[in-house]
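Peer 1: Which chain is which? The protein sequence lines are A and B, in order. If you're matching positions, the first sequence starts at 1 in the numbering used here and goes up one per residue. If you're matching positions, the second sequence starts at 266 in the numbering used here and goes up one per residue.
One should not assume that every hint holds.
Claimed, not checked - Here are the simulated BS3-like pairs of lysine-lysine, each with C-alpha atoms no more than 30 Å apart in a straight line:
1. B:Lys410 / A:Lys13
2. A:Lys196 / B:Lys433
3. B:Lys315 / A:Lys116
Said to hold, decoys possible - Now the stretches of chain A that chain B is said to cover, found in silico as 3 or more residues with beta-carbon under 8 Å:
4. 6–15
5. 106–120
Calculated from the structure, these hints are not laboratory results. By construction, the Cβ of each residue, glycine as well, lies at the ideal position given by its N, Cα and C atoms.
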Amino acid sequence: MLKVKGALKVFNKGTINQNVALRNVDLELKSGEFLTVVGSNGAGKSTLLNTVAGNFPLDKGSISIDGIDVTSFPDYKRANLISRVFQDPLQGTAASMTIAENLVLALKRSSRLSLKLGINSKREEEFKEALSILGLGLEDRLGDKVGLLSGGQRQALTLVMATLEKPKVLLLDEHTAALDPKTAKNIVDITKKLIKEYNLTVLMVTHDLNQALDLGDRTIMMDKGEIVLDISGKEREKMTIEGLLEQFSRARGSRLSNDRILLAQ
Amino acid sequence: MNLNFIVPSIEQGLVYGIMALGVYLTFKILDFPDLTVDGSFPLGGAVAAKMIVSGANPLVATLVASIFGVLAGVITGLLHTKLKITGLLSGILTMTALYSINLRLMGRANISLLNEVRIFDHFRGLNIFGRDRLIFFLITVIILKVLIDWFLRTELGLALIATGDNKKMIRSLGVNTDLMTILGLGLSNGLVALSGALVAQYQGFTDVGMGIGIIIIGLASVIIGETLIRSDKIWWATLGVLFGSVIYRLVIMTALRLNLNPNDLKLMTALLVILALGGPELKKLNLGIFRSKEGEVDA
Ligand SMILES: Nc1ncnc2c1ncn2[C@@H]1O[C@H](COP(=O)(O)OP(=O)(O)O)[C@@H](O)[C@H]1O
Ligand SMILES: [Mg+2]
């Protein structure tokens, strides 16, 4: 479904601040696969997601989604294939617009915008049904401005927006990191529910090693722009957090100090 | 006091209100500080006047003037999105270039239209209570307002609003924000040029300097409108802009009647806008009289 081949991304090329964020990364995701991504701060996890989403061009390598080579496509041209949820709950929605208006735009992710009215009663029914899965009562607030919602509610809405039109690949970048523990748990539950319901192909970055092993069916670890560990199946089932940390230091050939990876409690 | 300045004030408020609607689209909807306006307003006047004195039908001339305005906005949009020049500077560049272009188009600094057939002359049928111009402007403005309200509720219009609200989000939903910015600037300056073309015909002449400071008048109207009608519904906001424009004219006319020096008008308008925009900061100074519940709403 998703193929990243030899991805190289260098920031500030040719300056003192030159920074290789991705070093020849190869990654292949099968349809329906749910991959979790862990790694220390600055390992290149967000950069990996950003290149898949097309926020900036690669220096080398290629990306294809569902057989389509999207390497040269800008972000908005890939949006018909990809949907994503950002870490910051404010980034995924338009605050000055209503819940229904935000959902209209999400509904049009993979089709052309028309000069027809965005909201009609058929769509409102569709939106209510999609929102009801959250159990937050948002289905009764279609006309409310999104700016009135809490961070957790906005993130939940963003998840619904991301799955309203089934994407080929769903990108989640620490999408619960900015929320309080209780809300974060709620959002994780919603995430699981939606992924299962639509059988989505997912790339999820998390700083929570527990979550990384608990969710999904495959885990990779990144460090300094490389994938240093890639586990699935039996190997992953047996994996513990300690094992993960050990694997990491072995792969790197260096000791891992505790602060290299942020362990969420 | 002689009140017969009221009808002309309303007429002016309506015709300049079209320009203010354009300013509303860029400054409020698109969140783009577009200064092209000072050039596209006289551009509308110049194109319309030149065509009318050359014998064109004033309706056609007004339409073509609007299209030129759209092009001016598109150029600002291209400067900003393709050449990555800041929004403010892009507008200033187009505006500056337009000054020369307007002079070229007109061939001289002003053109009189007093003896020409103007757009109102085609709508003599609207002569209710002897107010054909008032009725003409009223109908034109209502049609434009309804069109704008409708457009901003369409899928494309919603994408335009989202572009002004959260570019990152709307791009991730597949919208080319560069195109949206160009579209918004085009529509806005089309309205501004239309207003310029109508103002030229209304006052009976066009002058290459008639755009100076027009952006501030537009902003003043938008701000007065916002103060009058506090609503986050677009339908109300556009109505507010038009009311704002009319009230601005009434205030100006009254001030002139009270012997305000016309040369001080722009100063007064600028002060009004400064007060309105700087209001929140002034309130923070904790001056008792300036304090209102408003200041405490959002953190
Ligand atoms: N837009 C950018 N410009 C310059 N450097 C960047 C940019 N984005 C990320 N980086 C750098 O690339 C490296 C990887 O960052 P990132 O992918 O955000 O790490 P992670 O998400 O794993 O914490 C870091 O050193 C970061 O400073
Ligand atoms: Mg990151």
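Peer 1: Quick check: which numbered hints come out false for this structure?
Peer 2: 1, 3 and 4
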